[in-house]
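Q: Chain by chain, the residues run as shown.
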Amino acid sequence: MSYGSTAGACRALLARDLRLVWRRRGDALNPALFAIMVVALFPFALGPEPQVLQRIAAGTVLVALLLAGLLSLDALFRSDLEDGSLEQLVLSPHPLALLLACKIAVHWLTTALPLLVCAPLLGELLNLPPALRPVLLASLGLSTPLLSLIGAVCVALTVGMRRSGMLLALLVLPLYVPVLIFAAGACNAAQNGLAFTAPLLWLGAGLALSLVLAPLACAAALKISLT
Amino acid sequence: MVTGMSIPDPIDAPPLLEARGLTFLRNEEPIFGPLDFALRPGEVVLMEGDNGAGKTTLLKVLSGLLEPGAGEVRLRGEPLTLARLSHQVALLGHLLGLKLELSALENLRFAIGLGGLRAGITPHQALKSVGLEGYEDVAVRQLSAGQKKRVALARLLLVPAALWLLDEPYANLDREGIELVNRLLELHARRGGAALITSHGAYAYTSGTPRRIRLRAPGQPAQELAA
Numbered sequence: 001m002s003y004g005s006t007a008g009a010c011r012a013l014l015a016r017d018l019r020l021v022w023r024r025r026g027d028a029l030n031p032a033l034f035a036i037m038v039v040a041l042f043p044f045a046l047g048p049e050p051q052v053l054q055r056i057a058a059g060t061v062l063v064a065l066l067l068a069g070l071l072s073l074d075a076l077f078r079s080d081l082e083d084g085s086l087e088q089l090v091l092s093p094h095p096l097a098l099l100l101a102c103k104i105a106v107h108w109l110t111t112a113l114p115l116l117v118c119a120p121l122l123g124e125l126l127n128l129p130p131a132l133r134p135v136l137l138a139s140l141g142l143s144t145p146l147l148s149l150i151g152a153v154c155v156a157l158t159v160g161m162r163r164s165g166m167l168l169a170l171l172v173l174p175l176y177v178p179v180l181i182f183a184a185g186a187c188n189a190a191q192n193g194l195a196f197t198a199p200l201l202w203l204g205a206g207l208a209l210s211l212v213l214a215p216l217a218c219a220a221a222l223k224i225s226l227t
Numbered sequence: 001m002v003t004g005m006s007i008p009d010p011i012d013a014p015p016l017l018e019a020r021g022l023t024f025l026r027n028e029e030p031i032f033g034p035l036d037f038a039l040r041p042g043e044v045v046l047m048e049g050d051n052g053a054g055k056t057t058l059l060k061v062l063s064g065l066l067e068p069g070a071g072e073v074r075l076r077g078e079p080l081t082l083a084r085l086s087h088q089v090a091l092l093g094h095l096l097g098l099k100l101e102l103s104a105l106e107n108l109r110f111a112i113g114l115g116g117l118r119a120g121i122t123p124h125q126a127l128k129s130v131g132l133e134g135y136e137d138v139a140v141r142q143l144s145a146g147q148k149k150r151v152a153l154a155r156l157l158l159v160p161a162a163l164w165l166l167d168e169p170y171a172n173l174d175r176e177g178i179e180l181v182n183r184l185l186e187l188h189a190r191r192g193g194a195a196l197i198t199s200h201g202a203y204a205y206t207s208g209t210p211r212r213i214r215l216r217a218p219g220q221p222a223q224e225l226a227a
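In order, the protein sequences belong to chains G and X.
The first sequence begins at 1 in the working numbering and counts up one residue at a time.
The second sequence begins at 1 in the working numbering and counts up one residue at a time.
Hint data in this document are derived by calculation from the structure and do not stem from the laboratory.
Don't be surprised by glycine CBs; every beta carbon is placed ideally from N, CA and C.
Some clues are possibly wrong.
Cβ-Cβ distance ranges computed for the label pairs, FRET-style [unchecked claim]:
#: 1; chain 1: G; residue 1: Ala75; chain 2: X; residue 2: Ala145; range: 45 to 55 Å
#: 2; chain 1: X; residue 1: Asp137; chain 2: G; residue 2: Ala198; range: 48 to 58 Å
#: 3; chain 1: G; residue 1: Glu82; chain 2: X; residue 2: Ile121; range: 26 to 36 Å
Not close to chain X: a few residues of chain G, all C-beta gaps over 12 Å, as computed [claimed, not checked]:
#: 4; residue: Ala40
#: 5; residue: Gly59
#: 6; residue: Leu99
Let the sequences and hints guide you as you build the complete structure.
A: Okay, structure coming up:
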């Protein structure tokens, strides 16, 4: 008789969810393609002046990644709720918050991380000044996990309802705006030659706080959604 | 034949599962109860009730997914909370908790990672004993409804839970499958486990003489029928 450790359960869940994403890789790639399309279309709409593009580059990449993350957010817990896997997760002897943290990590790894890797290229498309690249990457690195965590709490609250997409967007956007403001604030400050560490530190503080609190809130909300 | 249906248990040992005055309210309306019954190791209890009598809800309350309106559930003499479920309860509901994109074996391996492994059995053996030998690597999506149910039954064999809560385990199964469920229940009872199964009465637990409890509309107390 082996009861298995909590670490083992987390590993099993991570492996299963990553494998599921791989099996559905066509769908899983959609958010990334969406973000790349948004960034690629902006120069066509605004005109090719390097000055204009340079001005909007960081903000456009930030918004594109935010919306791409939102696109795949609704599916975070839905399939688990619909096929009964969520009940099995709740009934498992391991802390639900930890298991959900693994699911959120998979969401970030599969939607945000690929985009983070190609963010320098996206910046290049919009004539992002090279000096700004590390700042953009740092603010994306801090803000995208924060967005995944905040978004997951909202999904957990709405997943029990039918057609919750609109409600989810309404819930999530006001919470996403401060993250966007700090992330864009760091990029703008750097562009104007000002100190940009303060907004990044705020993002880091927010990330540390929500790393601890968001999985707990998710667990509580999902237990309500199941009733 | 009548193996283990009522293994004499020391009177002072607490029953595996005990319901005391259990009631569930939805919008202030009682769904079932008050219910009093005990389930001792080696017992299989058949919960009968018409459609809508609250059988599924009862199983959710007994597993801790739903809060009872009044009364309490005790697991080995201690109050049931989700945290106390530690590897004791396996629930098989209408939703099987299987991932359609994954193979039967991958689903079972995940269940082991999450819930632990019973001594002396492997996923291959479990699939063989539910009659799915040769289907190990077939995606669950391609299995029939009855075969999916069998994969879920194999999961029950693998996890080390002493208490099985099975919601309509006979649904979707052919004659051979119904016999299989009975065989599994007998085996589980013989090794000291207990099971509560629900049925709307169309299929019955034929082998052995399980205790029957009839779930009635509120107001009328649930009645234990003679075995």
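Q: Confirm or reject each hint.
A: So, going through the hints one by one against the coordinates:
1. Ala75(G) - Ala145(X): 45 to 55 Å: violated (24 Å)
2. Asp137(X) - Ala198(G): 48 to 58 Å: 54 Å Cβ-Cβ, so the 48 to 58 Å window holds.
3. Glu82(G) - Ile121(X): 26 to 36 Å: holds (29 Å)
4. Ala40: holds (31 Å)
5. Gly59: holds (37 Å)
6. Leu99: Since the minimum Cβ distance to chain X is about 8 Å, leucine 99(G) lies within 12 Å and the statement is violated.
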